[in-house]
Amino acid sequence: MDFWLSYATLAAIYVLLGLSTNLLVGIAGIFSVSQAAVFGVGAYIVAYLLMNEIMSFLPAMLVASAFCVALNVLITLPALRVSGDYFVVTSFGIQLLATAIFTNWTAGTGGANGLPGIPPADLFGKTLESSGQLVVLCLGAMALGCVAFWLIMRAPFGRLLRAIREDELAVAAAGKNVLRAKVSAAAMAGAFAGSAGGLYATFLSFIDPSSFDLDASILLLTMVVVGGARTLAGSIIGPFLLLALPQILTLIDIPTTIAAAARQLIYGVLLIAFMLFRPQGLAGEKL
Amino acid sequence: MLALQLLCNGLATGCALGVVAVTFSLVYSTTKLFHVAHAGVFTLGGYLAWSLTTRGVPFIVAFAVAVAICAAIGASIQAWLYARLERRHATHLVILIASLGTLAVMQNIIAAIYSPNILQFSLPWASEVVAGGGSIRLTVIQVLIVAASLAAYGGLMWFAHRTILGKQMRAVASNPFLAEITRLRPRRVHVHVMAIASAVVSIPGVLVPVDLGLQPYNGVTPLLTATIAMIAGGVGSITGAFVLAIAIAELQNLSLLLIPGEWSIGITFFIFLIFMLFRPTGLFAAAR
Amino acid sequence: MSEYLSATGLEVSFGGLRALQDCSFTVERGRITCLVGPNGAGKTTIFNVITGFLRPDSGTVSFQGTSLDGMKPQAIVAAGIARTFQNLRLFVDLTALDNVIVALPAQTGEEPLAAIFRPLHVAQAQTKRREEAMRVLDHVGLAARAHDHVRNLSYGEQKLLTVARGLATGAELLLLDEPASGLSAAALDQIMALLRRLQSEGKTLLVVEHNTRVVQQIADEVLFLHQGHLMARGTPEQIISDPALADIYFGGAI
Numbered sequence: 001m002d003f004w005l006s007y008a009t010l011a012a013i014y015v016l017l018g019l020s021t022n023l024l025v026g027i028a029g030i031f032s033v034s035q036a037a038v039f040g041v042g043a044y045i046v047a048y049l050l051m052n053e054i055m056s057f058l059p060a061m062l063v064a065s066a067f068c069v070a071l072n073v074l075i076t077l078p079a080l081r082v083s084g085d086y087f088v089v090t091s092f093g094i095q096l097l098a099t100a101i102f103t104n105w106t107a108g109t110g111g112a113n114g115l116p117g118i119p120p121a122d123l124f125g126k127t128l129e130s131s132g133q134l135v136v137l138c139l140g141a142m143a144l145g146c147v148a149f150w151l152i153m154r155a156p157f158g159r160l161l162r163a164i165r166e167d168e169l170a171v172a173a174a175g176k177n178v179l180r181a182k183v184s185a186a187a188m189a190g191a192f193a194g195s196a197g198g199l200y201a202t203f204l205s206f207i208d209p210s211s212f213d214l215d216a217s218i219l220l221l222t223m224v225v226v227g228g229a230r231t232l233a234g235s236i237i238g239p240f241l242l243l244a245l246p247q248i249l250t251l252i253d254i255p256t257t258i259a260a261a262a263r264q265l266i267y268g269v270l271l272i273a274f275m276l277f278r279p280q281g282l283a284g285e286k287l
Numbered sequence: 288m289l290a291l292q293l294l295c296n297g298l299a300t301g302c303a304l305g306v307v308a309v310t311f312s313l314v315y316s317t318t319k320l321f322h323v324a325h326a327g328v329f330t331l332g333g334y335l336a337w338s339l340t341t342r343g344v345p346f347i348v349a350f351a352v353a354v355a356i357c358a359a360i361g362a363s364i365q366a367w368l369y370a371r372l373e374r375r376h377a378t379h380l381v382i383l384i385a386s387l388g389t390l391a392v393m394q395n396i397i398a399a400i401y402s403p404n405i406l407q408f409s410l411p412w413a414s415e416v417v418a419g420g421g422s423i424r425l426t427v428i429q430v431l432i433v434a435a436s437l438a439a440y441g442g443l444m445w446f447a448h449r450t451i452l453g454k455q456m457r458a459v460a461s462n463p464f465l466a467e468i469t470r471l472r473p474r475r476v477h478v479h480v481m482a483i484a485s486a487v488v489s490i491p492g493v494l495v496p497v498d499l500g501l502q503p504y505n506g507v508t509p510l511l512t513a514t515i516a517m518i519a520g521g522v523g524s525i526t527g528a529f530v531l532a533i534a535i536a537e538l539q540n541l542s543l544l545l546i547p548g549e550w551s552i553g554i555t556f557f558i559f560l561i562f563m564l565f566r567p568t569g570l571f572a573a574a575r
Numbered sequence: 576m577s578e579y580l581s582a583t584g585l586e587v588s589f590g591g592l593r594a595l596q597d598c599s600f601t602v603e604r605g606r607i608t609c610l611v612g613p614n615g616a617g618k619t620t621i622f623n624v625i626t627g628f629l630r631p632d633s634g635t636v637s638f639q640g641t642s643l644d645g646m647k648p649q650a651i652v653a654a655g656i657a658r659t660f661q662n663l664r665l666f667v668d669l670t671a672l673d674n675v676i677v678a679l680p681a682q683t684g685e686e687p688l689a690a691i692f693r694p695l696h697v698a699q700a701q702t703k704r705r706e707e708a709m710r711v712l713d714h715v716g717l718a719a720r721a722h723d724h725v726r727n728l729s730y731g732e733q734k735l736l737t738v739a740r741g742l743a744t745g746a747e748l749l750l751l752d753e754p755a756s757g758l759s760a761a762a763l764d765q766i767m768a769l770l771r772r773l774q775s776e777g778k779t780l781l782v783v784e785h786n787t788r789v790v791q792q793i794a795d796e797v798l799f800l801h802q803g804h805l806m807a808r809g810t811p812e813q814i815i816s817d818p819a820l821a822d823i824y825f826g827g828a829i
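Residue numbers (the working numbering), protein chains in the order written: chain G, 1 to 287; chain E, 288 to 575; chain A, 576 to 829.
It should be emphasised that the hints constitute simulated quantities derived from the structure, not laboratory data. Hints should not be assumed to be uniformly reliable.
[As the list claims (entries may be wrong)] If we take Cβ atoms under 10 Å as the criterion, some of the chain A residues that face chain G in the derived model are:
hint, residue
1, Ala653
2, Asp668
3, Ala678
4, Ile691
5, Gly716
6, Gly741
7, Thr744
8, Ala768
[Stated by the list, open to error] Computed far set for chain G versus chain E, every beta-carbon distance over 10 Å:
hint, residue
9, Leu5
10, Arg162
11, Leu243
Owing to the predicted nature of the structure, the values given are computational and were not obtained by experimental measurement. Where is the CB? At the ideal position from N, CA and C, for every residue including glycine.
One chain only, chain G, in its complex shape (with noise of 0.2 Å):
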């Protein structure tokens, strides 16, 4: 029971995830592959904050995402104003960059040790510390992203992120600010990946930067790619897919050295065939 306690609330985590990366990728057309790293930093601003005392579970969540909305825009901005493929080498060199400032900025996030007993979440005076309330916690906060996601889909925000896809110079030609939508989308992304980062930090009680590499953003674009683009199917039958496979594999006897890189090779595989052969995913719109 509690293995699938477990893989439920994981797998909401990276649903939020999922939204995020499917607004930057998936609707706004910007190709990530540092979702892992702003992941990261909301899970290490939390651990921090929680550890330290200095604020308790929701106010440091809202400093997680406030924080992570500032840094997606920073990233993003820039880069957009120049041309796309810009930002394909703005987001690689951010993904690196924070898994080296993860890895050897010991003094902030214990380095490659990462940081153990961060303590758990606490709502409204109670400690949430058993799988049961976990579980629902992350569900409940994997509901409120599905329900802000599907708001800004119906909105104008959404039909226009829509056409920027299609034909970003029309819509410029129709009178509208493309940077700033795309923008606009980047730092909801920001605030999704960075509640996640929140979350699974008192989760685990533990991170360290190996969740939080150039891997992991390639897991989450399996997760989009898979799941499909653009819609909200799409972004939770991804994850909890892909979240499935790791334990798929278990069945199958490969030896631990080469575990990590049969999974990573089985993501390659994915997003190669699903390119070819089904760019909508599963339960998505075509990329």
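Given the coordinates of chain G, assemble chains E and A onto it according to the supplied hints.
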């Protein structure tokens, strides 16, 4: 003096990086695709050569075989993946994702077969000191890297400006639509360009690991630095990419005097930010 | 008296190709002006310069006395100039109605926060916008096709939709890039009637056209462009009956 040694090391690294930058630029300016899987080809070359040399094959033969296989792989990626996606009018985002997937596949197949740990070549001649004036030491392999990289740069310049394929490539790069309707067969040119770029990038791909060792995930950071060199040098300028790569490598190395090595990616990224904010077209942008 | 729209000394080069050379012209308010000339004369380039998509190497464009230099495309639309594209550039996966709605100016709900925190307000505004867009579609004669996806519209209907999109921005000066090309006779009549109707409502139109019949029927004035330079201007009859211009246009000299 330490600074001088760092400068020498930087020259070797910079030249190798320069070849990565130039070959990446070749592909980017012709196909307009951000071929991130280039890092995978770069990595593959080294492992292929290692496999052969550890089985007793003479280094020069192993080198040639690695180059040939990399050329074939690069051409295949273009012909069977990118071209297929382009025929279906896939967006650049889709092709980018496919390229990233290819990179992940290549790196992780290597990690699965060869283990994720660092492997070393056992070529004693490589680390023999060639020049040593006082406290400066240059090894054979470092000199070889510089020589081979300069030769590669010269070769690509000659190719781009003097051969028919090179001129076709530049024509396709400057006006793909015109190229299409004047029967220049851009798709075929793309395959050739990828083959050449992949072959040439495997030169540092083999030589650098002889000096520094092999690791499956070591291709991404050099590729990132190389793309920044390409942008800072001006997209379309082969010389610009090469020169800037050396400049960045030297700056990275000299920064070691002030900050620890793990942060050198910060230097590279900082340079990128400066260019993006103040001079996005680069220093030697091609006329347009 | 300051002109409605005037371009002075525009120079645009792409590499070695001079697309516009010392190009100057004026457009008068309330008239339909046609821009004609052989292929490569620079007509679309002029549109790109006026609408801010291309910065000229030198020269200026001013609209109602204000210079448009350095203005971003969305600012120029806000100033009252909208354009259509030769290759349509419609949002294919959206409905006709949505295509028009996107072009309506300044909508609440276009920033994500409003969508989340004021959903009712956004929904109300949406209804108003929908009505406004329907009015625009009705104006061009596409009301019946409002909820059809663009790919299900006929070519003629798609062309009407591009005009509708331009109208939705509220622009008073419309730059139309070959609105009549590739149309059947019936669709042609429909579009020409629409253009004349727009003029009678006070809009100014600058139209790139190749079809001499269309030019004769709707143009108040014709600007003949050749090799990036204004070669001649006059009434349709004057331009069309000039043998030297006809030679350039049909003689193949580019």
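(message) Output the indices of the hints that this structure fails to meet, ascending.
(response) 5 and 8
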